[in-house]
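Undergrad: These protein sequence lines map, in sequence, to chains A and B.
Per the working numbering, the very first residue in the first sequence carries number 349; after that it's consecutive.
Per the working numbering, the very first residue in the second sequence carries number 349; after that it's consecutive.
Where hints are given, some of them may not hold.
Which copy is meant is left open, because identical chains are indistinguishable; a pair holds if it fits in one copy or across any two.
[As the list claims (entries may be wrong)] In silico SDA-like pairs for lysine to any residue, Cα to Cα no more than 25 Å straight-line:
1) 572 with 512
2) 669 with 643
3) 711 with 665
4) 459 with 448
No wet-lab data here; the hints were simulated from the structure.
2 protein chains.
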Amino acid sequence: MKAEIISVGTEILLGSLVDTNAAFIAEKMASLGVSISRISTVGDSWQDIYQALEESLGRVDLIIVSGGLGPTEDDITKEVLSRLMGDNLVLDEAALAEIRRRFRGHRIPEKAIQKQAMIPASAKRIPNPVGTAPGIILEKGDKTIILLPGVPREMKRMMEKELYPYLLSRLGTKELISSRILKVWGMGEPQVNQRIADIMLRQSNPRVGLLAKRGEVHISITGKFPPELVGEKIKTVEDKIRERLGSSIWGVDEETLEGVVSRLLKKRGLRIAVAESCTGGLVSHRLTNIPGSSDYFSYGIIGYSNQAKSTFLGVPASLVKKKGAVSSQVAKKMAQGVRKAERTDLGLGITGIAGPSGGSRNKPVGLVYIALSSSEGEICQRFILAGDREDIKWKASQGALDMLRRYL
Amino acid sequence: MKAEIISVGTEILLGSLVDTNAAFIAEKMASLGVSISRISTVGDSWQDIYQALEESLGRVDLIIVSGGLGPTEDDITKEVLSRLMGDNLVLDEAALAEIRRRFRGHRIPEKAIQKQAMIPASAKRIPNPVGTAPGIILEKGDKTIILLPGVPREMKRMMEKELYPYLLSRLGTKELISSRILKVWGMGEPQVNQRIADIMLRQSNPRVGLLAKRGEVHISITGKFPPELVGEKIKTVEDKIRERLGSSIWGVDEETLEGVVSRLLKKRGLRIAVAESCTGGLVSHRLTNIPGSSDYFSYGIIGYSNQAKSTFLGVPASLVKKKGAVSSQVAKKMAQGVRKAERTDLGLGITGIAGPSGGSRNKPVGLVYIALSSSEGEICQRFILAGDREDIKWKASQGALDMLRRYL
Chain A
349 MKAEIISVGT EILLGSLVDT NAAFIAEKMA SLGVSISRIS TVGDSWQDIY
399 QALEESLGRV DLIIVSGGLG PTEDDITKEV LSRLMGDNLV LDEAALAEIR
449 RRFRGHRIPE KAIQKQAMIP ASAKRIPNPV GTAPGIILEK GDKTIILLPG
499 VPREMKRMME KELYPYLLSR LGTKELISSR ILKVWGMGEP QVNQRIADIM
549 LRQSNPRVGL LAKRGEVHIS ITGKFPPELV GEKIKTVEDK IRERLGSSIW
599 GVDEETLEGV VSRLLKKRGL RIAVAESCTG GLVSHRLTNI PGSSDYFSYG
649 IIGYSNQAKS TFLGVPASLV KKKGAVSSQV AKKMAQGVRK AERTDLGLGI
699 TGIAGPSGGS RNKPVGLVYI ALSSSEGEIC QRFILAGDRE DIKWKASQGA
749 LDMLRRYL
Chain B
349 MKAEIISVGT EILLGSLVDT NAAFIAEKMA SLGVSISRIS TVGDSWQDIY
399 QALEESLGRV DLIIVSGGLG PTEDDITKEV LSRLMGDNLV LDEAALAEIR
449 RRFRGHRIPE KAIQKQAMIP ASAKRIPNPV GTAPGIILEK GDKTIILLPG
499 VPREMKRMME KELYPYLLSR LGTKELISSR ILKVWGMGEP QVNQRIADIM
549 LRQSNPRVGL LAKRGEVHIS ITGKFPPELV GEKIKTVEDK IRERLGSSIW
599 GVDEETLEGV VSRLLKKRGL RIAVAESCTG GLVSHRLTNI PGSSDYFSYG
649 IIGYSNQAKS TFLGVPASLV KKKGAVSSQV AKKMAQGVRK AERTDLGLGI
699 TGIAGPSGGS RNKPVGLVYI ALSSSEGEIC QRFILAGDRE DIKWKASQGA
749 LDMLRRYL
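Bound-form chain A, shown alone:
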């Protein structure tokens, strides 16, 4: 089935707002097997909205519109649709009660409240529990027009909780498209490709794809199956890939590496201290982004200067002089020093050259040593990371968190 999306909003045409709603809607529709053949963006103008709606109705049977449902004078999407379809706006008592409840205690003009509670007579209202403007589903003959609010949070909730189930049954969707992302650190795209090339080639449903992302590789598994089978079918391929790549896969979908590591630290009841040089606090920042991080994060030292490395971490000045601040020996001493100073269970030490200056022939920009210290001793890894200063900081923090994950 084909559908079109119409985004309403003068801010988009002025370039002051990037239209992320259309992408979100398009992705959801794709997963339902509906292909979007066009996205049109028009301003808050009666004529332009009318024309865009009319043209879309001439091309497809399903149209999803976002924006222009608010309480102000220039929110006119509902009014235009009502005129175009010859379907008068009437006051929806349930919507009115809902909007009044949300506005309780605020001084909102009665007119604005009433305006938002009007819906076309033959339309179905989609409740908006996180905002005020209800959504609208209007079915006329073969045509279905759906209006959603332009506020992303409200639009997304309606799409996920109300519209998706509605479309699933209305379209009589026999097959759903579903995706799973596996996130890999420590291997390049060619290496991942080599390990799973036969799985990738052997099948087109689910289809397996690779995407290189800031120093790591994401493997996508996308399949189209009946709703009751789709989860299992994707799981089977995921299991096969996990057999090949094992612990190189650190997480799935929306997971973050700091989230995974934090969960493992909590589960094992271990406390950590972090000594950073080139990452400048990023590893500690990421570990403390997780609520409850004081359970496992003890403290961090950002030893930028050599003197700081010696004062706080007990890294001997002679060692820095002999091996250089960026060396495996110094990384290990940092990890050990930060662990011992407060007797935490684990210590991380990171030293490297984030650039753009400070590199040399033997020690280029992007050279990073990461060490982990535990009661069993110290381990250390050497990396050569590409990119600008912020890329290198990010990748080094990713490398450090992944080392920790593998240990746990």
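Following the hints, put chain B in place on chain A, whose structure we already have.
TA: Positioned in the frame of chain A, the structure of chain B alone reads:
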């Protein structure tokens, strides 16, 4: 003048790519006084591109298309345009030489190189120094169609370096729209509004607007004037606003607070050390994002646990017990301790409750104390910050950097 934008790319219709190109182009056009009346997105389909182009030509005289100029089979924008306008594609020798030069050493099929060097016979080529596909300007009667590559970096460079000057002269633009953003920390929107309400009301060109952004306020000044006057006109209003708000304005346009602070530290030749608790390393991370930060950043301590505060910063356990870890006394001791340990010029101390748990009636989530220590002693500020954990961390880091800026 009215114009339309067409974005070509199946990825956008699948929702796997957010169309940021259209917003960028729209903003540039707005600044030229051209109003975009519609943005249409279509896939890499002959019929859909043809239809969208034809419809747009029926509505407006200027169309800007991005995407579909690459070397692969499904890049067909140029081919469709050539057919629609009856303007055959011919090999452009200059383009060919340019593309060959960029591909030197790569093994690219000759066919792909030639395809990218073809342009409509009566079109003007826009060089692409950061990519391979040239852009195209095709003028026929009243109509102007511009094709740009879909790769954002290439598109943006062409737009700024080549197309903007071309459109400026082609449109005979008598008036340019230009904007300036002033960034304010330490005042809410109502306070800023109160101070400059008369300036905002007094004039509509330049127009002055306010925008609340994650704990700070941005003031936009937007004016439409002849090219030779626009800078001066905006400057006059900026000066008036600066008179009212003084040092509350920390930066303009794309500036970051860490960038401003780094510049000031370098200029004054001062070194700093940072003691963080609730910000968890974010202040150090931001300060070390700036290339050359080792000139002014000495080290950081993230004293999450009370023990770490005492070991590394010399904050007495008795003080923490008496006043609580989140108190002005502890913040000052942290700032002083971190400064003295390595005898840096300045020390920052930050302690607070980032949440979501850990708050109490007297010390709610969002309570943050920030102290700055120098040879003149310690100063401390108290904040109550709203938002989730990451918001509070961000705002506290902003507060700390701003305190530093004001001192400098």
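Undergrad: Run every hint past the structure and note whether it holds.
TA: Here's how the hints hold up against the structure:
no. : hint         : verdict
1   : 572 with 512 : within (16 Å within a copy, 45 Å between copies)
2   : 669 with 643 : between (37 Å within a copy, 20 Å between copies)
3   : 711 with 665 : within (19 Å within a copy, 43 Å between copies)
4   : 459 with 448 : within (12 Å within a copy, 65 Å between copies)
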